[in-house]
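Respectively, the protein sequence lines represent chains A and B.
Straight run, no breaks: the first sequence in the numbering used here ends on number 787.
Straight run, no breaks: the second sequence in the numbering used here ends on number 804.
Calculated directly from the structure, the hints in this document are not laboratory data.
Heads up, some of the hints might be wrong.
[As the list claims (entries may be wrong)] Computed from the model, here is a short list of chain A residues facing chain B with C-beta under 8 Å:
| hint | residue |
| --- | --- |
| 1 | Gln427 |
| 2 | Glu654 |
| 3 | Phe692 |
| 4 | Ala696 |
| 5 | Gly699 |
By construction, the Cβ of each residue, glycine as well, lies at the ideal position given by its N, Cα and C atoms.
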Amino acid sequence: MSQSDWRSNRPPAGGVQEIGRVAPRADAAAKVTGAERYAADYYPENYVWAGVKRAGVPHARIMGVDTASARALPGVVAVLTHKDIGGKNRLGIFEKDQPILADGVVRHCGDAVALAVAETKEALTAALAAIRVDCEPLAAVFAPEEALAAGAPIVHEGRGGGNLLLESEICFGKAREALAGCRHAVELTVELGWQEHAFLETQTGVAWQEADGSLTIVASTQTPFRDRLELAEALGLTLDRIRVTAPYLGGGFGGKDGVTVQGFLALAALHSGGRPVKIWYSREESILAGTKRHPATVTYRLGCDADGVFQALDCRLVFDTGAYASLGTEVFALALEHAGGPYRIANVAVHGKIVYTNNPVAGAFRGFGVPQAAAGIEQAVDELARVAGFDPLAMRRKNAVGCGDTTPTGVVIGRPAGLAECLAQVERHPLWRERQTWREGAPPFKRRGVGVAAVYHGMGFGPAVADYANAKLELTAEGRITVCAGVADMGQGNATTCLQIVSHALGQPYGDMELVLPDTARTLPSASSSASRTTFTYGNALIGAAGVLRERILARGALLLSFQLLAPVNAAEVDLLPGRIYHAPSGRSVPLKVIAGFMDAAERTATYSYTCPVNRQAIPTGGNLRLHGYPHRIFSYAVKLARVEVDTLTGEARVCDFLSCVEAGRVLNPQLYEQQLHGGAAQGLGYALFEDFAVSGGEIATGDLATYILPTALDVPDMETVSVAVSEDEGPFGMKGVGEVVIDGVLPAVANAVAEAAGVRVTKGTLTAEKILAALRAGGREATR
Amino acid sequence: MEVFFPRTLAELWPLKAANPESAVMAGGTDLLVRLRKTGERPPAIIALERLAELRRMSIEGGGLRIGAAVTIGELAASEIVRDALPALWQAAAALGSPPVRHGATVGGNMCTASPAGDTLPPLYVYGAAVAVAGAAGCRRLPIGDFILGPGRTSLAPGEIVTDIIVPLPTGGAFSAYYKVGKRRAMAIAVASLAVCIVRTADGAAGKVRLAWGSVGPTVISLPAVEAFLAGKRLAPDVLRQAGAMAAAAVLPIDDVRASAGYRRSLAGNLLLKLAALGDDEQEDGR
Ligand SMILES: Cc1cc2nc3c(=O)[nH]c(=O)nc-3n(C[C@H](O)[C@H](O)[C@H](O)COP(=O)(O)OP(=O)(O)OC[C@H]3O[C@@H](n4cnc5c(N)ncnc54)[C@H](O)[C@@H]3O)c2cc1C
Chain A
3 MSQSDWRSNR
13 PPAGGVQEIG
23 RVAPRADAAA
33 KVTGAERYAA
43 DYYPENYVWA
53 GVKRAGVPHA
63 RIMGVDTASA
73 RALPGVVAVL
83 THKDIGGKNR
93 LGIFEKDQPI
103 LADGVVRHCG
113 DAVALAVAET
123 KEALTAALAA
133 IRVDCEPLAA
143 VFAPEEALAA
153 GAPIVHEGRG
163 GGNLLLESEI
173 CFGKAREALA
183 GCRHAVELTV
193 ELGWQEHAFL
203 ETQTGVAWQE
213 ADGSLTIVAS
223 TQTPFRDRLE
233 LAEALGLTLD
243 RIRVTAPYLG
253 GGFGGKDGVT
263 VQGFLALAAL
273 HSGGRPVKIW
283 YSREESILAG
293 TKRHPATVTY
303 RLGCDADGVF
313 QALDCRLVFD
323 TGAYASLGTE
333 VFALALEHAG
343 GPYRIANVAV
353 HGKIVYTNNP
363 VAGAFRGFGV
373 PQAAAGIEQA
383 VDELARVAGF
393 DPLAMRRKNA
403 VGCGDTTPTG
413 VVIGRPAGLA
423 ECLAQVERHP
433 LWRERQTWRE
443 GAPPFKRRGV
453 GVAAVYHGMG
463 FGPAVADYAN
473 AKLELTAEGR
483 ITVCAGVADM
493 GQGNATTCLQ
503 IVSHALGQPY
513 GDMELVLPDT
523 ARTLPSASSS
533 ASRTTFTYGN
543 ALIGAAGVLR
553 ERILARGALL
563 LSFQLLAPVN
573 AAEVDLLPGR
583 IYHAPSGRSV
593 PLKVIAGFMD
603 AAERTATYSY
613 TCPVNRQAIP
623 TGGNLRLHGY
633 PHRIFSYAVK
643 LARVEVDTLT
653 GEARVCDFLS
663 CVEAGRVLNP
673 QLYEQQLHGG
683 AAQGLGYALF
693 EDFAVSGGEI
703 ATGDLATYIL
713 PTALDVPDME
723 TVSVAVSEDE
733 GPFGMKGVGE
743 VVIDGVLPAV
753 ANAVAEAAGV
763 RVTKGTLTAE
773 KILAALRAGG
783 REATR
Chain B
519 MEVFFPRTLA
529 ELWPLKAANP
539 ESAVMAGGTD
549 LLVRLRKTGE
559 RPPAIIALER
569 LAELRRMSIE
579 GGGLRIGAAV
589 TIGELAASEI
599 VRDALPALWQ
609 AAAALGSPPV
619 RHGATVGGNM
629 CTASPAGDTL
639 PPLYVYGAAV
649 AVAGAAGCRR
659 LPIGDFILGP
669 GRTSLAPGEI
679 VTDIIVPLPT
689 GGAFSAYYKV
699 GKRRAMAIAV
709 ASLAVCIVRT
719 ADGAAGKVRL
729 AWGSVGPTVI
739 SLPAVEAFLA
749 GKRLAPDVLR
759 QAGAMAAAAV
769 LPIDDVRASA
779 GYRRSLAGNL
789 LLKLAALGDD
799 EQEDGR
């Protein structure tokens, strides 16, 4: 493949894009016309297909893998097992527990046992069918309680701690005693299911060996730099032998946070006789093998005094990580940190466990544990408001955290916090104010409810793992600006925001800029596209790099001018304007192209390294969570409101209106911001009402998109959004992360509305029509007018 | 695999005779899904989409003749269907999504013979007949005789469906289709109910035809429930009683979409959608 394939993305022609205004998406035209090349669109010359033999059983000992007959088939290039792997054959972040190809034990149905490489898809299918896996079934565990019982089968034999991946506790005051003394108290258990990322572009990529034998991988990945580290270790290669590039992703949502197909690609490319390899999961394989949102059972006890002031919280959260840890411990830590919601509660006991089972693997998913925690606390708050006779929104206002307050899990909020303002905005909003009239307007055999939820979301990786970015900008020899966007754009639009930031900072028009997407050979090491930190961290680095470049351009420009004017020129009197510099005292300009010619290549390249400040607060409890991200420093806040109409004949719930009121700092691009609010709400509605992921005996029953029900355009209402733009001065131009707080709390807002409409709360998994009809029946409201 | 595109029935029969193992394809929205899933590869496909004879709609002797290869989208766009056969029109509008409706045909929906096929309950309540043809000639049979079981029809090898003939209900008849799916588009019915009611002058139900989808191996008709409602005003308590009869009589199964118990409840409760009919005439079934 030639270098010309590494096309820089040229943004649409256009002027200077100022921060705070709608800048057109740099990828819009190319995506809409189909010209944009996703990883799935790469078909290198002379490529072969790679594919994976899956276990198909949840727990088994592998007695042997017979590849001979597959190898003998026509068109088969290679059939590989773990024996062909030179390195440690282990992937993972903290817990390196996941083999690229199973070596000895199968731990879930989607485990990869062998890898085939073939000339055509047909030959590949035949090869995979011909691989014989001799398995001895092992007793398996499919629920955390089972997995923790004495004598339970162990998912990772020989691991200290058995099936308990991590257990932790965060305690302040005397929760149980205080609860006993509360005027009002409620108890509630909520069960949450898996959620599938269901990105449009399933896991895919291509790879090949370069002439010097090093590997190049083009993959749909959120984490090109971390992938390189993981692959080097798992395959026994040095970093300089692997290059990973990440074109625009056709969706990620956390499901491509880490290695998916990259290990297979690398291994296949090392055994394909020098030919490029391509892998592209079918939807079924994507669902079978990919990570999902963690199922969890959360039990909440919450109490308040006679005035509705929260006094005590006692909760337990149990997460099922499935066969591998993936990012489970980090998801778990974030869930525990947010377990008490954005409130002031003095007496708190948060207890949690995350457990291995032989279920599908759970991992990162937008929200990262907070949706599960919010589902618990936000329904408990509503129940408490109901039994104590308070308005649910007023009760939240009474207890909301602000700057200077301490969260239930002991984090002192040291940064601006706009939750109170979000609550006030929602309280004033017609969708809330006119709720009574709306409820009463329900047609025959329909009931209506209005629910709210308040949430917050910690941004970034926490205190232990460096949240870093290295930005790079170049003034090209032609006087244009090349912007290296070192963090993957999975569709959220951060590449556009990178351009917008540079355009604003250097005053250069879009039309004079080029974009380089993440590439370990061309962009500098930067952390992943995740954790609501992408634009915050990379944006800060870019502003730094733009400052460096600006200074160099102005200094060189001043020097050039001084030769022309035969007098010293002070760089401070030179302005950077679109395409040129301008010296007001003399009225002279110099085009950037001329200045570029006056600099060498190294000078024309500006880099800047930025690492996020962290919360260094000493917290006496939850110590084993620190390594996994607790506590956070900066939080975004949001309030969600759902108006839901329930059909008392069928249980069908229709979300008629949805409001997201979000405080995520200043807004850099109102259009991209609103797209996050809409997309997060839609995905949250899917989690709440539709996406009933079914697993039984470790086998997925909803293994395709005909049975796994995603909401369609008809299922998602027109949405209203309100932005509360409080400046977070540590963020670029005052922004903070918005990518996840938008999905948090959608489920409980809907559940609270459904509970009001149905009279009985649905607490087990997705709120399907079937469960809502059962709730209506339990509340005596089935088939009532 | 060979694909043939005959333009006339006269061209089709010899092709069929020469390729006895071939599959007939109309829109392909069921067939292609099945081939991908099972890996089956018929030696040839005979496509019906260019057969003008199968793509016509016309009024004939008090009935609407619908060519088997008329698309669901065409049904949903037809004013005659909307005005004269509202249950069929609602079913067409509720089937799949715009791109699916663009390809899917009414003949394909019938030949798939799924208990969840959306056009089927309306065709039952309207008393539709199916015109079947083969090289040897034609025959015509009621839809209830055409569909034998899930995925089974009375088509003989070499035969195809050419038309569906739907008698137009008399003026003043009310008909509607109620579908419960797991979302508002691209949803296979969890349960459905088609109704066609001719009302008497005093507003009571005269002749009542009911057909349920997805609550049994095929579309379910319950003459006892129809007889119970005939002659009564459709007040909620009457409908509740009829609903209880229906819930007890249907034969639903558990699957990944819903439990049998839920389907049973729906079979009964959907009758209460008719309660609005007792109050006013404006119910449109949605
Ligand atoms: C995404 C999606 C959503 C769907 N949603 C719905 C839905 O909501 N409701 C619903 O009812 N269905 C739904 N379907 C199923 C399908 O679209 C319908 O059953 C459709 O009517 C089938 O028509 P077709 O022309 O595509 O049939 P085809 O796939 O062409 O044929 C189906 C079967 O009938 C045979 N056949 C077709 N025409 C004739 C003929 N004239 N004579 C003899 N045999 C014939 C074929 O050989 C084949 O066995 C959906 C399908 C998809 C892919």
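List in ascending order the numbers of the hints, as given earlier, that are violated by the structure.
Of the numbered hints, 1, 5 do not hold.
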